[in-house]
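Q: The chain contents come next:
There are 2 protein chains.
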Amino acid sequence: MAALRSFRFSPGPGLSTAVVVGEGALGHLARELPRIAPGKWFVVSSQPVFFLHGERFLREAAAAELDPTPVLVPDGERAKTWQVLGHVLAELIARGLRRDGGIVALGGGTVGDVGGLAAALALRGVPVVQVPTTLLAASDSALGGKTAVDLPAGKNMVGTLHHPRLVVVDPALLRTLPDRDFRSGLTEVVKSAMLDAAFLRRMPALLSPLKERRHPAVAEAVFRSLRMKGRVVASDPEERKGLRFALNFGHTVGHALEQASGHRLSHGEAVAWGLLAALVLSERRGGLDPLLSERLFGWVVSLSEPPSLSRMRIAAWPEFLKADKKGDRRGLRAVVLTGPGKTATIRCEAEEAGEAFREARRRYNTARDG
Amino acid sequence: MAALRSFRFSPGPGLSTAVVVGEGALGHLARELPRIAPGKWFVVSSQPVFFLHGERFLREAAAAELDPTPVLVPDGERAKTWQVLGHVLAELIARGLRRDGGIVALGGGTVGDVGGLAAALALRGVPVVQVPTTLLAASDSALGGKTAVDLPAGKNMVGTLHHPRLVVVDPALLRTLPDRDFRSGLTEVVKSAMLDAAFLRRMPALLSPLKERRHPAVAEAVFRSLRMKGRVVASDPEERKGLRFALNFGHTVGHALEQASGHRLSHGEAVAWGLLAALVLSERRGGLDPLLSERLFGWVVSLSEPPSLSRMRIAAWPEFLKADKKGDRRGLRAVVLTGPGKTATIRCEAEEAGEAFREARRRYNTARDG
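Protein chains in written order, with my numbering: chain C, 1 to 370; chain B, 1 to 370.
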């Protein structure tokens, strides 16, 4: 068994998040729960995830003399609604959650969002532990405390910051992930590498084993992604200083595309296209070296394999760009890369972001056709 | 025009709450809003409150070149549901709330709770300004950041801490308050006085003018109540050290009675009975001087005029006591008064709290019959 890698950071005054990554991390988790909260534990998960991993989770919990109560939500984005969140909260309270209890969110990003938000709101807040089962959640969303559900008017319109006390990534849980979802997760991994010069230097050695889903490489990439994000979050826990905003690299165009495609593009696919557009914008507005940009462009295409958009109807996506919640009356805010691991926040018009996206499409098509 | 009284405190690292009390405070409010958030403002209010005070509020806002968008909720506790909160959030987003905007909660405790929670959750948090229109909210709930809605399983089961940037109390808004609601508010005032020795010494001079609803006395009592609470909240913003827990004096029995009565007892009436029971418990478990206790007992009866419970069916209220969310596996936690402005937190069984309540009823009946 490979050793567990771990680190700890403070996402705010009086707060602490521990991160543990590696084979066997699930056993570690079970032993930690009673230290985090002595009372009754719940596990919020989705039906398919709990079918795959619930038994193992409960077995590890039983070995630590715990008997968490499952509360299951529908699969995928359907779980991220106001109604489902209300049901989860009613279940938690009806089945005996107290202030000395806690919640494990076992699943992908949506389960982490809904479970985290339920933990933030139930009894005005109980501890949450994130146990991601997708690469996307494991390398990004499980850490940082952002929780949300969607409204008809847009994604993630309702939520709060509720930092997990513990994030546990056991690569064994990622084994069952479909290839498309795994590639989606690699999008956040390659974004993380762009924001961390040391990780970026390590990437050439990780490219092949990541594409082949080899465990040591996956665990290392997840660990490096979370450590980078932990550092950024610790420096700006509530996104007040703009430092944390850098994590949105590629997400302005990405989110708008995801919505405009009616979610036929997965989050990771949309963000992959967002990264390609953001690299073009970074050359134009951030002075990013075109040679570095081209190399990173190639990594995104190779790892994320974003689908060609030629057959996809993208409905009025500049409208979604303008509705981006990162914007304000003065227009969009977007992140550009200025060098390895270095970013700047710029203001730009939706038209400029759209033009960068069109240029990214041209380069993508040229590379593919050439 | 009487001078405005004001103070400012920090309810947590990087946070600041300003409090302004007095005739004309509404004009002050309008000038402050653009400093708090430069974007679009909303005013969450209830239909009857907005009918009474909306025009005046919008006029003051217009004088500061603001045009807040009203979002109205049903009157009273009916507003504190998951469904209503969902509608408020959908309205805020659909009508153009952005991250540079803010929300004024204009109304009583339920509007403050729903408006505050909506502000906490919309776009992961926008500033909220509390403008209470009941004495209960003005002297207590508008400050401190607690927000909540109810679930079928119990009151305030869902919520979060979201501190207001500004609390504005204009006694002119309290003029239209029915007497029963005003007396309810006096319950929190007398509770606040018990927790602050200087306020307690001042109370004999305030008793008559408060009963007569004279403005200078009301403004002073509100100001002293909020200042006391501000000090406690600043010392323990997230209720981690137990200091803030002292504010629950009278509320353990109070909440249980309120629920057991099927809300035929108002919050203030139920807490008035809770205070009477808590005074008995304070003599028995906190060593409170029986002479002081008797005097405070008399003030609660005189100011709050809690209704005789002889004709009221109180259903299984010890069950509600046991379900109190301040409790845990080891039983109830309750606050006792040990002297003027001095408290302690004790553990007690539901039976002991019930017996203190029965003794309070005996004393109440003796005083009334004698």
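Hints are supplied without guarantee of correctness; some may be wrong.
Any copy, or any two copies together, can satisfy a pair, since identical chains are not distinguished.
Stated by the list, open to error - Calculated lysine-lysine pairs in the BS3-like style (CA-CA distance at most 25 Å, straight line):
| # | residue 1 | residue 2 |
| --- | --- | --- |
| 1 | Lys-40 | Lys-211 |
| 2 | Lys-211 | Lys-155 |
| 3 | Lys-40 | Lys-322 |
| 4 | Lys-40 | Lys-241 |
| 5 | Lys-40 | Lys-342 |
| 6 | Lys-155 | Lys-241 |
Since the hints were derived computationally from the structure, they do not count as laboratory data. Remember, predicted model here, so these are calculated numbers, not experimental data.
Q: For each hint, tell me whether it holds in the structure or not.
A: Against the structure, the hints come out as follows:
1. Lys-40 with Lys-211: neither (40 Å within a copy, 47 Å between copies)
2. Lys-211 with Lys-155: neither (30 Å within a copy, 51 Å between copies)
3. Lys-40 with Lys-322: between (44 Å within a copy, 16 Å between copies)
4. Lys-40 with Lys-241: between (37 Å within a copy, 22 Å between copies)
5. Lys-40 with Lys-342: neither (44 Å within a copy, 33 Å between copies)
6. Lys-155 with Lys-241: This pair counts as within: shortest intra-copy Cα distance 24 Å, inter-copy 37 Å.
In summary, the numbered hints that this structure violates are 1, 2, 5.
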